[in-house]
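Taken in sequence, the protein lines are chains A and B.
Residues in the first sequence are numbered from 1 upward in steps of one, following the numbering used here.
Residues in the second sequence are numbered from 1 upward in steps of one, following the numbering used here.
If you are wondering where the hints come from, they were derived from the structure by calculation, not from laboratory data.
Virtual Cβ for every residue (Gly too), placed ideally from N, Cα, C.
Take these hints with a grain of salt, some might be off.
Derived list of chain B stretches under chain A, where covered just means 3 residues or more per stretch with a C-beta under 8 Å from a C-beta of chain A [unchecked claim]: (1) 10 to 19; (2) 89 to 97; (3) 192 to 198; (4) 205 to 212; (5) 221 to 233.
Derived Cβ-Cβ restraints for the label pairs, each shown as a range [stated by the list, open to error]: (6) A:GLY24 <-> B:ASP142: 32 to 42 Å; (7) A:LEU36 <-> B:SER158: 51 to 61 Å; (8) A:LEU12 <-> B:GLU190: 25 to 35 Å; (9) B:ARG189 <-> A:PRO396: 42 to 52 Å; (10) B:ASP197 <-> A:VAL354: 25 to 35 Å; (11) B:THR34 <-> A:PRO396: 32 to 42 Å; (12) B:GLU233 <-> A:VAL5: 46 to 56 Å; (13) A:VAL354 <-> B:GLY185: 44 to 54 Å; (14) A:GLY24 <-> B:SER158: 44 to 54 Å; (15) B:ALA132 <-> A:LEU36: 30 to 40 Å; (16) A:VAL20 <-> B:ALA132: 11 to 21 Å; (17) A:LEU12 <-> B:ASN201: 30 to 40 Å; (18) B:SER158 <-> A:GLY17: 37 to 47 Å; (19) A:VAL354 <-> B:THR71: 16 to 26 Å.
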Amino acid sequence: MPRDVSSRLRQLVGISGLGVRRVGGRLRTGARGRTLVSITGVALAVALLVVVTSLSAGLAGGATVQSEDIDYWIVPDESGAGSVPLNAEGAKLSEVHRITAQLRADSRIDYATPVAITPIQLQNPTTDERTYVLALGVIPESGRHVAGLNTTPLAGSYAHHQNGSYAGPWTGEMVISPAVATELNVTPDDQIAFGGNTRTGTVTHVTDTNLDAGVGEVPAVVMPLAELQTLTGQTSSDTADQILVSTTDPSVQSLLTGIYPGTSVVSRAGLTGAETSATSLPLAMALAATVVAGGIGVTFVATMMGLELTASRQELAILGAVGFSARARVLVVITETVTVAVLGGVFGVALGAVGVGGLNVAIAEVVGVTTLATLTPGIILYALAAAVAVGVLAVPYPLYLATQTDVLAALTR
Amino acid sequence: MATQSTSIPVVCSDVTRQYAGSTERFGTSGTTVTALDSVSCEIARGSVVGVAGPSGSGKSTLLHLLAGLDTPTAGEILIYGTALQELSSRERTAFRRSHIGMVFQRFHLLPALTAVENVAVPLVQAGESRSARRNRATELLDAVGLEGRHTHRPSSLSGGEQQRVAIARALAADPAVVIADEPTGELDRETGEQVLDVLTNIAADRAVVIASHDEYTLSRTDRVIKLRDGCRET
């Protein structure tokens, strides 16, 4: 490296280093008040940025309920996400047994079942009592719940659909909700007739809780999908209303998205009407956080560094007296301002990490969803970059004050 | 820029400094204040020259002009042959960096830095390496009797120690001229004597100018330039 260039580089590093050392020295002396306030201001702003951005990233990435089973629903777009498990109208998914078999072959997926949702009429053949119920047709498995109804009593009885045909034995087993049991006055092992059909069913189990559809308790039954399809004439194209997928791996979501054209993949959060994919809300939140945090940070740093500079104008004059050029003094001010912002950024990231943890704990307590906000290395880098940007944007005001400093006047004050 | 071979390093010829209108320093408006009026002097290498006079006599103004912190309204100031009044502000700053060391009455150290960092400050823009700066600063602090106080910040140093740090800082770039404005003004007699010992010792190969109204301080100089109302007394 030419001597002139290396000398200039040393000069640049030395001047910048002086700015950093002055900030560090100030923090170790009694004159730390304003600097600490500046750092705290940036730290709070960056912490806010980290928390909101982590929340946005969690929403955008569908990283909800990571620590528990994640339930995804593949639903036709027309059906919307507002009433995912209860939608009885609209477009259907076809070839659901074949698709479900494919999904079950994926090691990341714990459980998958098509769900057909159809209102049907049930009758107590003994008392002739009749009622319409919401029938949920699923491929049952032990330990699984669909829409809150336990499918365990039906496990092992899925025989009607075999090798693409509906020629298997008819079991007629069904799990009914307490509302159905009350309306029809039936108990386990009682026979049940289907309105308009000669086939019969058997009450296998009465659940403890009813299906709550949001507008009150709905009488509901769960039964093998193939049998419900046979009852409702949906066997020709093997249709269902949606496919439920349980997994602990959020990466499955991208697989699900590509299975059916014209469908959406919604997560458990979809139960409250929030679609987790392709939404602009997280982006809007992140942008808002950036603007707010940036505004707060810039205001804090510019104001406090301005005050700091006003109070220590004589020190800048001293630098001038010992031979620091105006440009070098400006560089010292820039370095000091950016250093304060970066320190605030580092503390802000730490504070934000604590905030993210606290937020997740609070959400888990209140909503029952864990790990909603996700802090990633990318967000940490983003927050630090934002802190640097805050420092750079805050520079003009202290810089203006620095350039207005008359060395002689400040020295003789 | 400077010609080190010039025999008389500091030459002032008919130097006048006037401040027109409102000035922060003099608190006047609408009038012209003559702070220095046709002052001439020569300061030889190896000598300690005192500048004496009551408050407002122009002592500080003369020192500021010699340091290149201000420019004369008329007259000429030559430091090793370089006419300061012909230099731009930027050139004067660069000249001051390598040729002039300054010591102030109130020390003017940077409170956030340690003693050794304060002394090294003038070497930063000179492009010296960090280790070279530190070595030089350490050497100078030892030379002014501050061994073991290198890492202390000004707030934990006594007035005399702070002034010695300031003198070490003034010598960092090995300047040809050292200008001290009331260097003992904030110190007790004993501490002031120690500081004057240091200042007179460094004059062997440079010109030292000390402004003071203290008789004892002036008695330690080789020669005294007396000012009154901006004019040199004969």
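Each hint tested on the structure:
Check result for the region 10 to 19 of chain B against chain A: violated, 0 residues qualifying (beta carbon to beta carbon below 8 Å, three or more required). Chain A is given as covering the region 89 to 97 of chain B, and this holds because 6 residues of the stretch bring a CB closer than 8 Å to a CB of that chain, at least three being needed. Here the region 192 to 198 of chain B counts 0 residues with a CB under 8 Å from a CB of chain A, which misses the bar of 3, and the coverage is violated. Restraint check on the region 205 to 212 of chain B versus chain A: 0 residues with Cβ-Cβ distances below 8 Å, three needed, restraint violated.
For the region 221 to 233 of chain B, the assignment as covered by chain A is violated, since 0 residues bring a beta-carbon within under 8 Å of that chain's beta-carbons and 3 are needed. Between GLY24 (chain A) and ASP142 (chain B) the Cβ separation comes to about 25 Å, which falls outside the hinted range of 32 to 42 Å. At about 28 Å, the CB distance of LEU36 (chain A) to SER158 (chain B) disagrees with the hint of 51 to 61 Å. For LEU12 (chain A) and GLU190 (chain B), the Cβ-Cβ distance of about 44 Å falls outside the hinted range of 25 to 35 Å, so the restraint is violated.
For the hinted restraint 42 to 52 Å between ARG189 (chain B) and PRO396 (chain A), the CB-CB distance of approximately 49 Å keeps it satisfied. Between ASP197 (chain B) and VAL354 (chain A) the beta carbons are some 57 Å apart, a value that contradicts the proposed interval 25 to 35 Å. In this structure, THR34 (chain B) and PRO396 (chain A) meet the distance hint of 32 to 42 Å, their C-beta atoms being roughly 39 Å apart. The hinted range of 46 to 56 Å is satisfied by GLU233 (chain B) and VAL5 (chain A), whose Cβ atoms lie roughly 53 Å apart.
Between VAL354 (chain A) and GLY185 (chain B) the beta carbons are some 52 Å apart, a value that agrees with the proposed interval 44 to 54 Å. Separated by about 24 Å at the C-beta atoms, GLY24 (chain A) and SER158 (chain B) break the suggested range of 44 to 54 Å. Separated by about 34 Å at the C-beta atoms, ALA132 (chain B) and LEU36 (chain A) satisfy the suggested range of 30 to 40 Å. A hinted range of 11 to 21 Å holds for the C-beta pair VAL20 (chain A) and ALA132 (chain B), which are about 19 Å apart.
Roughly 35 Å separates the CB atoms of LEU12 (chain A) and ASN201 (chain B), a value that falls within the hinted 30 to 40 Å. A hinted range of 37 to 47 Å for the beta carbons of SER158 (chain B) and GLY17 (chain A) is inconsistent with their spacing of about 28 Å. Between VAL354 (chain A) and THR71 (chain B) the C-beta distance comes to about 57 Å, which lies outside the given range of 16 to 26 Å.
In terms of the numbered hints stated before, the structure departs from hints 1, 3, 4, 5, 6, 7, 8, 10, 14, 18 and 19, listed from lowest to highest.
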